[in-house]
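Protein chains: 2
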Amino acid sequence: MPHWTALVAEKKQRQLKSIPQEWLVTPPPPSTLDVTGFPESCGLLNAREIKITNTSVDVLLKKLATAEWTAVEVTTAFSKRAIVAHQLVNCLTEIFIDRALARAAELDDYLKKTGKVVGPLHGLPISLKDQLCIKGLETTMGYVSWIGQYEEKNAVLVDILIECGAVPFVRTNVPQTLMWPETLNSIFGRTTNPYNVSLTPGGSSGGEGALIALKGSPLGVGSDIGGSIRAPSAFCGIYGLRPSYGRVPYCGARNSLEGEDSILSVFGPMSNSLRGLRIFMKAVANSKPWLKDPLAVRKKWDEDEYELADHGSGKYLCFAIMWDDGVVVPHPPIKRSLEITKAALQKAGHKVVDWKPIKHKLLEEIAGNIWNAGSAEDFMITTSSTGEPIISTMELEDAHAMTPSFRPKNDHWNATASETGTGRAVDAIICPAAPFAATPHGKFTRVFLYCNYTTVWNALDYPAAIFPVTTVDPTLDGKKPPHSFYDDFDKDIYEMYDPEKFKNAPVCLQLVGRTLEEEAVIKMTEIVDAALAAAQ
Amino acid sequence: MPHWTALVAEKKQRQLKSIPQEWLVTPPPPSTLDVTGFPESCGLLNAREIKITNTSVDVLLKKLATAEWTAVEVTTAFSKRAIVAHQLVNCLTEIFIDRALARAAELDDYLKKTGKVVGPLHGLPISLKDQLCIKGLETTMGYVSWIGQYEEKNAVLVDILIECGAVPFVRTNVPQTLMWPETLNSIFGRTTNPYNVSLTPGGSSGGEGALIALKGSPLGVGSDIGGSIRAPSAFCGIYGLRPSYGRVPYCGARNSLEGEDSILSVFGPMSNSLRGLRIFMKAVANSKPWLKDPLAVRKKWDEDEYELADHGSGKYLCFAIMWDDGVVVPHPPIKRSLEITKAALQKAGHKVVDWKPIKHKLLEEIAGNIWNAGSAEDFMITTSSTGEPIISTMELEDAHAMTPSFRPKNDHWNATASETGTGRAVDAIICPAAPFAATPHGKFTRVFLYCNYTTVWNALDYPAAIFPVTTVDPTLDGKKPPHSFYDDFDKDIYEMYDPEKFKNAPVCLQLVGRTLEEEAVIKMTEIVDAALAAAQ
Chain A
878 MPHWTALVAE KKQRQLKSIP QEWLVTPPPP STLDVTGFPE SCGLLNAREI KITNTSVDVL
938 LKKLATAEWT AVEVTTAFSK RAIVAHQLVN CLTEIFIDRA LARAAELDDY LKKTGKVVGP
998 LHGLPISLKD QLCIKGLETT MGYVSWIGQY EEKNAVLVDI LIECGAVPFV RTNVPQTLMW
1058 PETLNSIFGR TTNPYNVSLT PGGSSGGEGA LIALKGSPLG VGSDIGGSIR APSAFCGIYG
1118 LRPSYGRVPY CGARNSLEGE DSILSVFGPM SNSLRGLRIF MKAVANSKPW LKDPLAVRKK
1178 WDEDEYELAD HGSGKYLCFA IMWDDGVVVP HPPIKRSLEI TKAALQKAGH KVVDWKPIKH
1238 KLLEEIAGNI WNAGSAEDFM ITTSSTGEPI ISTMELEDAH AMTPSFRPKN DHWNATASET
1298 GTGRAVDAII CPAAPFAATP HGKFTRVFLY CNYTTVWNAL DYPAAIFPVT TVDPTLDGKK
1358 PPHSFYDDFD KDIYEMYDPE KFKNAPVCLQ LVGRTLEEEA VIKMTEIVDA ALAAAQ
Chain B
878 MPHWTALVAE KKQRQLKSIP QEWLVTPPPP STLDVTGFPE SCGLLNAREI KITNTSVDVL
938 LKKLATAEWT AVEVTTAFSK RAIVAHQLVN CLTEIFIDRA LARAAELDDY LKKTGKVVGP
998 LHGLPISLKD QLCIKGLETT MGYVSWIGQY EEKNAVLVDI LIECGAVPFV RTNVPQTLMW
1058 PETLNSIFGR TTNPYNVSLT PGGSSGGEGA LIALKGSPLG VGSDIGGSIR APSAFCGIYG
1118 LRPSYGRVPY CGARNSLEGE DSILSVFGPM SNSLRGLRIF MKAVANSKPW LKDPLAVRKK
1178 WDEDEYELAD HGSGKYLCFA IMWDDGVVVP HPPIKRSLEI TKAALQKAGH KVVDWKPIKH
1238 KLLEEIAGNI WNAGSAEDFM ITTSSTGEPI ISTMELEDAH AMTPSFRPKN DHWNATASET
1298 GTGRAVDAII CPAAPFAATP HGKFTRVFLY CNYTTVWNAL DYPAAIFPVT TVDPTLDGKK
1358 PPHSFYDDFD KDIYEMYDPE KFKNAPVCLQ LVGRTLEEEA VIKMTEIVDA ALAAAQ
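One line per chain: the protein sequences are A and B, in this order.
Just so it is clear: in the first sequence, position 279 is 1156 by my numbering, and no numbers are missing.
Just so it is clear: in the second sequence, position 442 is 1319 by my numbering, and no numbers are missing.
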């Protein structure tokens, strides 16, 4: 058995070979923190390719369905941009553009011959987190010990996406163990944030977040057990949805903590466009995933629920804003984003009330205990065959507990009916995705790890969507004088804030609904997004 | 702290006081094995009460809604019959007829004043397994250690049933620990089978099975983690449904093995009439249980699915019969019931193919391991406060493993599409509920415990309904010559069979569908039931 570093070197070599050499570019100098402009200025993409990659998912699908753009040219454009993105922020793991182009050509051919699309995602390039197995490829999930394990079949979700006409073309980077909100591992290294490469893109779906922010993919699939779709979506300024357990099939994918059934990881969409989330969820739900994965919930896309049948048809909604969770006070730009959103919703005619947080600390401790129970052993066993080290920040034992599991505080939500004026309980909660924007690399140490603005909803199995609001602006987001700290941890988070360090980081928020109410969560997020656009 | 036997004596004394003294009867002599005729011959119920208690759930609800029968008289009739049943087979735990009659009077009053019913279960008496907490009452679940613990609130399902207009009036007996297919515990003792009191009614919802078989309740709620609704339904000759996880809310009920999330217990209906199952499921699903229990699945009753939209509208179905599971060969009456059902379905124009069992033994071992992992400790901790003994047959450790957990053998079902001739995979599986009819008391020992004809479907989260086919008839069900035994265990089960000992025991079968497909499972069971009736 070679030393683990030799395995890494060989794997990295193969990854490099999977990149068309003519697509290698000279990256900007390291002093360039914001690299978001580079893909369009580097010269690799022509004007049409730039136009294609700047197009939202719904429009892409229309142009593909009418053959105005071919699947081959769309796949080529996104592939080029993805490879540029990778050279900027190190976001990819498996790269299989050759397969993707072959599939794209088949789709073009089918459309030409039949005049019909293969399915609702016909020709759409799609990126996948490095857990979603594809036949004939490895799924290392950042573990050296999994190098060389070639899959014998696709994950169920991959099969479904392909049947819907999507074109998988790259897989994206993750943290070792997946249980970490920064993205680094011993094979592929660290992924950085395109808005400010000194910051993390978040994790664990950090490769997706960074790639999509650079428009190297129109739609990606991440997974979320404690915030792993939402943290990178929020840190990278894109849209992302954490669906309820079982709404998107997990069968046949690789994962950490197999057998931990108390708080489950789920797959969900990440995209530049809010429409992307809806299109993905509708396509997956209507493909009857429950016939292929017995743990998938038998619930088709419900158009009535999307039209907010359970929320007064959406004409007059009551949102509750959670300004802080009673554990950690959010940084100034987060608070400002909540104020912007509140004003926009009121201007649009909706009601906004305050949400009283309940027992977030307890939930965090319980979830931490659940995950810590078997994680050290799980990670140790997985890494033992090659002797690769466990990255020190990922040793969860004794870490500030990462999360929660706890159920019947449902009553608390139901009880809000008395203050909404709609006859219903609060329609949705709007809250931070984290108490901070994207943090500098390495800040998620024992001291600073705090994921409970997202994890609390995993523990309750509430679906939640991320939407962008603003970016960190040192002139608007100056450091505030110290507040009355909840405890030393809250103080540490307060002291971490420095407007200059966080400069230009996207600021996103989270909209939270109730279990299996994905349709309504998406629609209400569309309403908030439109209100924000109208208020600008 | 008094000795545990003193606690039992005091509790039993209180139970006796909760029975109206004028309803005490002289039971038949112990030599009378079949006591099913006694409630109507004992003289306690008048002709109208006998008529009421012999009426199916759908007709009862119609007569209640039109005030042809009052809720008070219906509740009185079932209460009387339940008390007679209890004196025959020892099926009740908590008896609260006074509360029930007070609620029934309120319902009568409401209907009189408004001309409207309170809900879809208006005035229907309903019995509950001794897990479903009711405010102000104890829920001992057969544990001496839980005597004197009075509940502060109702279980969510109890609240929902009451909102729907149902009238809870008694709770029913369970085995200590719930994890056992006979029904006995140190407080209330053993429940017997009304068709043959030398046999078990099954368990763990054995009190429900025995009570409903004697028509002491038109509809009851049992729970099922490995067969606990289906075994007693099958052994007592009634209908029962094991729904998928989360279709019926569990929140606020007592349970064993809390925190074991791999194979979950579910609540479901048991009834004399198949309509009872549908009426219960529809009422519960349409009450939006997910707003009260975040683990309840957001899925309303789907009338399209009930009309078999996913099964060619039910005109021509293909059923697969599993004759044995490859582990234990069923006894002769069970085989005969499968033959009867096959012929009836073919006569009704449906197709019947053979089901090839897959990995039942492995599933059984895995489930056994899951449950055994924490069960000994769970039971020990629960019983330790009073020192009550753990009934020896319930010490699971080293027992023949009780069950399974295992998922993606879904493919096996999908693969049947090639042989059905419908273009679909097999619509449902029909199989035994156990390899035997109701067994003599105490047979579920380390040697004979075999629940995997039911448990396998829990592990896969497939919904399954029990329907009656015939009864054990020594002239038709003579002992067969030995077959080629799978192993010694199979041989032991073979040798247990004696037509005279099992005489008159009901023989039921199980119809199995796919996850969250309760509507279709009920409809297909109606189709099978009608075919059986038509073929007689």
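Any given hint could turn out to be false.
Identical copies carry no separate label here, and so any pair may be met within one copy or between two of them.
As the list claims (entries may be wrong) - Taking lysine to aspartate or glutamate and the EDC-like style, the derived pairs with C-alpha atoms no more than 20 Å apart in a straight line are:
| # | residue 1 | residue 2 |
| --- | --- | --- |
| 1 | 1169 | 1296 |
| 2 | 1165 | 1288 |
| 3 | 1378 | 926 |
| 4 | 1380 | 1029 |
| 5 | 1159 | 1184 |
| 6 | 1169 | 1288 |
| 7 | 894 | 1377 |
Just so you know, the hints here were simulated from the structure itself, not pulled from any lab data.
All figures in this text were calculated on a predicted structure; none of them were measured in a lab.
Same-copy or cross-copy closeness of residue 1169 to residue 1288 [CA-CA at most 20 Å]: Between copies only: 7 Å across chains, 35 Å inside a chain, cut-off 20 Å.
Intra/inter-copy verdict for residue 1159 and residue 1184 if alpha-carbon distance must be at most 20 Å: within (13 Å within a copy, 24 Å between copies)
Within, between, both or neither: residue 1165, residue 1288 at alpha-carbon 20 Å: This pair counts as between: shortest inter-copy Cα distance 14 Å, intra-copy 32 Å.
Residue 1169 and residue 1296: within-copy, between-copy, both or neither at 20 Å Cα: Intra 44 Å, inter 19 Å, cutoff 20 Å: inter-copy only.
Homo-oligomer pair classification [residue 1377, residue 894; C-alpha up to 20 Å]: For residue 894 and residue 1377, the Cα distance exceeds 20 Å both inside one copy (39 Å) and across copies (77 Å).
Copy assignment of residue 1380 with residue 1029, given that the CA separation must stay at most 20 Å: The answer is neither: 45 Å in one copy and 53 Å across copies each exceed 20 Å.
Within, between, both or neither, where residue 1378 and residue 926 count as close if Cα-Cα is 20 Å or less: For residue 1378 and residue 926, the Cα distance exceeds 20 Å both inside one copy (33 Å) and across copies (81 Å).
When the structure is compared with the earlier hints, violations turn up for hints 3, 4, 7 and for no others.
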